[in-house]
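K.L.:
These protein sequence lines are chains X and C, in that order.
Just so you know, we're using numbering that gives the first Met the number 0 here: the first sequence kicks off at 0 and counts up by one.
Just so you know, we're using numbering that gives the first Met the number 0 here: the second sequence kicks off at 0 and counts up by one.
Treat the hints with care, since some could be wrong.
[Said to hold, decoys possible] Derived DSS-like pairs: lysine-lysine, alpha-carbon spacing no greater than 30 angstroms straight-line:
#1 X:K168 <-> C:K55
#2 C:K293 <-> X:K52
#3 X:K177 <-> C:K354
#4 C:K223 <-> X:K191
#5 X:K177 <-> C:K380
[Stated by the list, open to error] In silico negatives: residues of chain C with every beta carbon more than 12 angstroms from chain X:
#6 V58
#7 E249
#8 A406
#9 C509
[As the list claims (entries may be wrong)] Computed list of chain X residues with no C-beta within reach of chain C, every gap over 12 angstroms:
#10 H25
#11 R44
#12 V70
#13 T154
Keep in mind the hints are simulated off the structure, nothing from the lab.
Computed from a predicted structure; not experimentally measured.
Here a beta-carbon is modelled for each residue, glycine too, at the ideal position from N, C-alpha and C.
Chain by chain, the residues:
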Amino acid sequence: MERGVDPRVKILYLAWVFLMVSVLAHPLILLLILFLTVAVAFASRLSLPALVKTGRLGWFIAGVSWLLWIVFLRHQGHALLSVGSWGITEPGVFNGFSVAARIVSILLACLVVFKTTSTREVMTALYRLRIPVPFAMVIGITLRLIPQMQAEHATILEAQRSRAVEFGKGNLLVRLRKHVAYIIPLVLRALKITSDLSLAMEARAFDPYRRRTFSQALRFNVLDVALLVLMSLTFMAAIAARLAGLGGMPLQWLAGA
Amino acid sequence: MQGVDLEIGAGEFIAIAGRAGSGKSTLCYALNGLIPHSFGGRMEGEVMVCGLDTRKTSVPDLARHVGFVLQNAESQLVGLSVEEDTAFGLENIGLPGNEIAGRVHSALRTVRLEGQARSSPWNLSGGQKQRLAIAAALAFQPEMLVLDNPTAELDPVGKQELMATLAQLNRESGVTVVMVNQELEEVLPYASRLVLMDHGRIVRVGNPAEIIDSAEELLNVGVKLPEVTQVAYQLRTREQWRGPLPFRVEDAIGQMRDFVLLTPPEERSSASNATAETLIEMEGASFVYPNGTKVIRNVSLAIRRGEFIALMGPNGAGKTTLAKHFNGLLVPTTGQVLVGGRDTRSSGVAQLAGKVGYVFQNPDHQLFSRTIEEELAFGPKNLGWEKARVESAVESTLEHLGGRQRARDDPYFMGLAERKLVAIASALIMEPEVLVLDEPATGADHEAALRIMNYLSTLQRRGLTIVMVTHDVSLAANYANRVIVVRDGSVALDGRTEEVFRRVTELRSCLVTPPQVTLLAQALNPSLFTCRVSEMVEQLARA
């Protein structure tokens, strides 16, 4: 997703990915959507290693979800592979894949949109899409606070490491107790930072219930319109397919079938 | 704040000073309507700003007339580019796009940031960030600018840039400036009136020269005198000064024509307990952050037992990054750092915590316990000390903090100075040989800063080695016996305090301003040198 694409289209792309993976359930279609989000990521000319690094928690959750489905559905359906009483079954693999593909697609779309769109563009787009200003501001400010909170987190970790804390050592309970040493300062700093920011915003005449303008003019170009038409058509096709009984998880792979 | 009566005329430059908690910030919040609209509490009386009653006018409406700038520049950043940030307020009041563009351009030009319009505000220097905050306020085309201690976290160059911008705005555009500032030598050259506050009341308002002349009054309200004022005041107490007390170096020079600066009776050096024993050694150390930014370049230095070192240099020079190598928080990309002869690469931060204590600039990053006692015990417990040893160490450390009765006090509800002292004590309790402190006095008022620095000085006299990262030349001159100046990640100057401060031209090239007293001494006698008020007073005599 190039930086030249209208931010409203980017936000709608995000919504489109979310809706498509919610409406459709067939693993092959989900794989197709996944490929599409990867292709969009490539087209955005973002650094792939950076994307992988930023989303590592999401990739981990997707992987674990897939594994859990395989474990939970080990006795259902046709076994692809058996090891003793344990089997890797078709429902386990395909249901797990569907969940993982949904997570990865949505996460990838989020990363691409937010990495190619400034906070103000996001806010302007949300405002132009008739999303209420308080909601748009919450999203904008959250995005603005992420790098600052990351820096605060790193500083607090360093401050506590300087007091001989070894966060990686000890049993789970001990580790949890050690984490209190950075969670409390982090929460207090977050409150202080947001309180200061709200003062600064108020002092700059911010009032979520007043009419505001945006100095940034948004205008759809041909590419934007083409993308909107494409997304609308595919979404309508997905709805029609589901109403016609297509695009769902095949019966033989359904969990509990 | 109580019983405050104050009238500010159009085009004035008002400086407000007083100790922490005297009501300075509250007064600022009352001027732009945040009080009574955004804070709890009860407001009596009336505040009229530009003909508007702040009680009846909303904060957004007052923002068109009163620009507001907070102490911490980063907490005010809203946009992801300089341009966006400046436009934010104008969008809030619903101005059309073309007018916003014009005003943004004009405001950025005024604060000399027009070339940075597309830059991320996070990449600006401290001084530039504060100038951006001023631009965002100026874009409203306000009649008045209110600034709450905006220079507190800036390096000397950032401070100069900011003060020059404000002076220009006040002089050329007629913008009324109301500024809280603890450093009188920075603000008084520009101020038309000085307001002194104490215990929520205004205790004196008037011409800066007249108020400075009542030095006792300033000292009583916990305000630090400019160094040249201190010199003249001490001479006055010895009945050697007859005229008014100056606050500018130029005025002091003019008034001291009949004084001569004598050669000191003997070559003085900073009080030092330093021994030859090296505790920390850096050999050809360089450090590159993962994003490729090279911050430390081929640094070699040794820190010896008993030294009190001031690590100085402009914002972004690499001082904190360098200091973080001393306790292994960072390890060099090339070269090595040895602590007690051991390479920091092979010893973790936890292992080094018993040798090198590190106190961060903001105690909020460090303190988390509900009582001082628990806070102090945290480090020793992490080091695996036995219970009895931990208890004994907590007992003896509490004595330094005011006695056993403070054990159950909650650090969260203490003032900044107290919290800084608890943070220092919680590092000291681990019995380190070296204590590294990042800006120990920043943000504290004069009395609190003195308390912290005197505590550190006592520790150093008892044999502790101290490394202090600071912008404050006066603190460095008065407490450190060695100064290391860092520029672009390299050591530019390193030597005894007197030797370093003597090299005025090189200091300036490293963006460090020498102490006022040094400039005064050099003007009186270029061949002689001093960097401390007490020494200068000793060396002065009537011609």
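K.L.:
Now, for every hint given, state plainly whether the structure supports it.
P.N.:
Hints versus structure:
no., hint, result
1, X:K168 <-> C:K55, "violated, 58 angstroms"
2, C:K293 <-> X:K52, "holds, 22 angstroms"
3, X:K177 <-> C:K354, "holds, 21 angstroms"
4, C:K223 <-> X:K191, "holds, 28 angstroms"
5, X:K177 <-> C:K380, "holds, 11 angstroms"
6, V58, "violated, 5 angstroms"
7, E249, "holds, 36 angstroms"
8, A406, "holds, 19 angstroms"
9, C509, "holds, 26 angstroms"
10, H25, "holds, 40 angstroms"
11, R44, "holds, 18 angstroms"
12, V70, "holds, 36 angstroms"
13, T154, "violated, 5 angstroms"
In summary, the numbered hints that this structure violates are 1, 6 and 13.
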